[in-house]
Amino acid sequence: MIVLDNITKDYVLTKESIVKAVKGVSLEIQRGEFVVVTGRSGSGKTTILNLMAGLTRPTSGRVLLDGVDLWSLSDKKQSWLRSQKFSFVFQFPSLIPTLTVMENIVLPVIFNKDHWNSDAASQRAGELLKMVGLEEKRTVYPRQLSAGQQQRIVIARALMNHPEVILADEPTSDLDEQTEGEIVDLFTQIHREEHVTIVMVTHTSQLAAYGTRSITMAMGEIVN
Amino acid sequence: MNFTRLALRSITGNSFRSWVVVLCAMLVAGLALATSLILRGAENSLRLTIDRLGADIIVVPQGAETKVESALLMSTPASIWMPDNVVGEIASVPGVAVVSPQLYLSSLENASCCSVSSMFLVAYDPATDFTIEPWLEKKIGSRLSLGEAVGGMHVFVPLGEENIKIYGYLISLKANLEPTGTGLDQTMFFTFETARDIARLSPTLAVKPLEIPLNSISAALVRVTPGVDPHEVALEIFRKVSGVTPLESPNLFLSYRKQMTGLLHSNLIVLGITWGLSLVLIGLVFSMAANERRRELGVLRALGATRDFVLRSLLMEAGILALIGGGVGVVLTTFVVILFRTRIIQSLSLPFIFPSILSLLVQVVAGLALALLSVALAALVPAYRISYQDPANAMRE
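These protein sequences, in sequence, are chains A and Z.
Numbering follows the working numbering, with no gaps: position 167 of the first sequence is 167.
Numbering follows the working numbering, with no gaps: position 367 of the second sequence is 367.
Hints may contain errors.
[To be verified] EDC-like cross-link-like pairs, simulated, lysine to aspartate or glutamate; straight-line CA separation at most 16 angstroms:
| id | chain 1 | residue 1 | chain 2 | residue 2 |
| --- | --- | --- | --- | --- |
| 1 | A | Lys77 | Z | Glu65 |
| 2 | Z | Lys240 | Z | Glu133 |
| 3 | Z | Lys165 | Z | Glu178 |
| 4 | Z | Lys138 | Z | Glu178 |
| 5 | A | Lys23 | A | Glu33 |
| 6 | Z | Lys208 | Z | Asp197 |
| 7 | Z | Lys258 | Z | Glu89 |
| 8 | A | Lys76 | Z | Asp390 |
| 9 | A | Lys76 | Z | Glu43 |
[What the hints assert, rightly or not] Covered stretches of chain Z (chain A as the covering partner; in silico rule of three or more C-beta atoms under 8 angstroms from a C-beta of chain A):
| id | segment |
| --- | --- |
| 10 | 236-245 |
| 11 | 278-286 |
Calculated directly from the structure, the hints in this document are not laboratory data.
Heads up, the beta-carbon is just placed ideally off N, CA and C, and yes, glycines get one too.
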């Protein structure tokens with residue numbers, strides 16, 4: 001279970017200019033939920049997502065993961081938690097350009113070596129490639145893929161370590177309508193078949209219907 | 001997929017950064033090795049020459065110090081003379097154990113009667129000699145007879161002939177001395193008797209006679225009694241014997257040592273400037289590359305990479321590039337020094353002997369270590385900064 005307890009996050013741009021991205025947000029996300037967070041640009045959606053995974057430190061408040069305060073842990077433990085429990089699908093192209101598709105998918109294994117041998121990792125990556133329908137692309141580089149195909153590979157990478165939670169930040173924002181539908185269907189399928197908790201941030205309010213719960217943010221606060 | 005592979009892929013994927021770092025490391029390691037090789041080569045050469053001379057003091061005519069040094073080190077023919085009665089005067093100085101006179105001669109330049117042109121020739125007195133004779137006894141078990149000689153490493157009998165011709169006189173080469181990297185390698189040694197025989201026959205055999213002034217010598221090698229301070233003996237010779245300069249072994253080749261110091265200073269300045277510029281350039285290039293890869297590194301952090309992993313990964317990339325550049329630099333430098341050794345010696349007017357394999361290896365490793373240290377140092381700040389950045393901030397535009 002992820003708990004945000006009265007979280008605020010300020011970005012200090014200059015001495016005089018401070019952006020209050022998140023203002024006293026409290027939120028609980030239960031295991032197995034598919035939460036869609038909607039809101040306009042600058043409403044604090046992405047910051048909430050980053051706070052949940054410890055990718056940025058809150059200015060005040062606590063982030064609890066299964067009752068443990070994330071910011072009471074060392075960097076090493078936080079990183080270990082990220083590799084074990086979380087996976088990310090970002091808005092921007094987040095595949096490593098110097099690695100092939102297959103290498104990108106198995107990349108999370110580097111940080112979770114205790115649980116994998118190379119054969120098992122290759123087999124799992126192969127299954128995930130099949131699941132996202134890009135089996136024939138295993139040896140190509142990200143630049144040789146379309147934006148939609150890249151995002152499918154990112155989703156496959158996100159599933160590599162059998163995460164408990166997938167945090168998706170505007171995963172369809174750069175995609176055409178048809179591909180957007182395919183990606184959201186993929187998330188729905190993953191949620192249904194892999195029983196993974198999903199928190200998806202989007203500015204498209206129509207996508208809220210795909211989740212089991214919908215949250216709307218505005219001006220750094222949860223408004224609905 | 002593993003840590004090393006990730007670093008190697010990043011190296012091949014960032015070709016501009018990789019080339020700049022490799023070139024800088026190559027320059028730093030190459031320059032450091034070149035400086036070390038040339039200066040240590042010259043120093044070894046001087047030390048070997050002093051050992052070869054085997055004398056504690058060399059007494060030369062006053063004002064002829066530089067000529068003698070040039071003759072011994074660079075094989076520059078020298079015609080210097082002093083009366084042979086100085087030998088007795090030197091021998092009477094307390095603390096002097098042995099005095100052995102030598103004649104410095106040279107073969108004619110491009111003359112049909114000489115098969116070697118402008119070669120430095122040293123005639124020694126077998127009765128008192130303590131440098132060539134012991135070596136001969138050890139190496140060939142006999143002394144030199146009339147018409148026989150030993151040569152430096154690079155003295156050889158011309159192809160198709162059996163003897164070396166000097167002033168039309170045929171000399172049999174009995175053996176070659178070990179290399180010193182100095183003029184001694186191109187010098188021929190024979191006895192006073194042979195020198196006088198050449199001089200006697202040269203008016204009829206040579207295009208120009210060999211002239212040895214009567215009752216004259218060129219230098220006197222002195223060995224002091226064990227336990228006596230050579231410096232005190234040299235001072236005493238200077239006081240008691242007029243018209244001569246005693247050169248103590250440790251002070252020999254002072255002008256060359258000064259030249260080496262000058263060369264060392266200029267090389268260190270060039271090396272220092274290159275090092276400083278390389279450090280700045282590598283630092284800038286790494287900053288640029290790290291900045292370009294902010295998102296990528298942020299993604300790695302999101303996937304579970306620790307700060308240390310990112311830092312080590314960046315430093316490993318730097319280390320691999322430093323070793324590649326440094327490796328190319330030291331190999332190229334070694335080849336250049338081997339191939340252009342003669343030109344380097346000529347242009348620097350310094351003696352040179354190539355170091356032993358072990359010494360070369362030590363210097364190569366030192367060059368590589370300098371390259372590695374420099375690149376790691378330059379990459380450390382940008383790598384540290386990017387690895388300790390908030391992952392969310394790193395991934396923002």
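Status of the hints after comparison with the structure:
1. A/Lys77 x Z/Glu65: With a Cα-Cα distance of about 75 angstroms, the restraint between A/Lys77 and Z/Glu65 is violated, given a limit of 16 angstroms.
2. Z/Lys240 x Z/Glu133: Between Z/Lys240 and Z/Glu133 the Cα gap is close to 29 angstroms, so the pair fails against 16 angstroms, i.e. violated.
3. Z/Lys165 x Z/Glu178: violated (22 angstroms)
4. Z/Lys138 x Z/Glu178: holds (13 angstroms)
5. A/Lys23 x A/Glu33: violated (24 angstroms)
6. Z/Lys208 x Z/Asp197: The hint holds at about 15 angstroms.
7. Z/Lys258 x Z/Glu89: violated (32 angstroms)
8. A/Lys76 x Z/Asp390: Roughly 14 angstroms between the alpha carbons, so the hint for A/Lys76 and Z/Asp390 holds.
9. A/Lys76 x Z/Glu43: violated (53 angstroms)
10. 236-245: Answer violated; 0 residues pass the 8 angstroms Cβ test.
11. 278-286: violated (count 0)
In summary, the structure is inconsistent with hints 1, 2, 3, 5, 7, 9, 10, 11 from the numbered list given earlier, while agreeing with the others.
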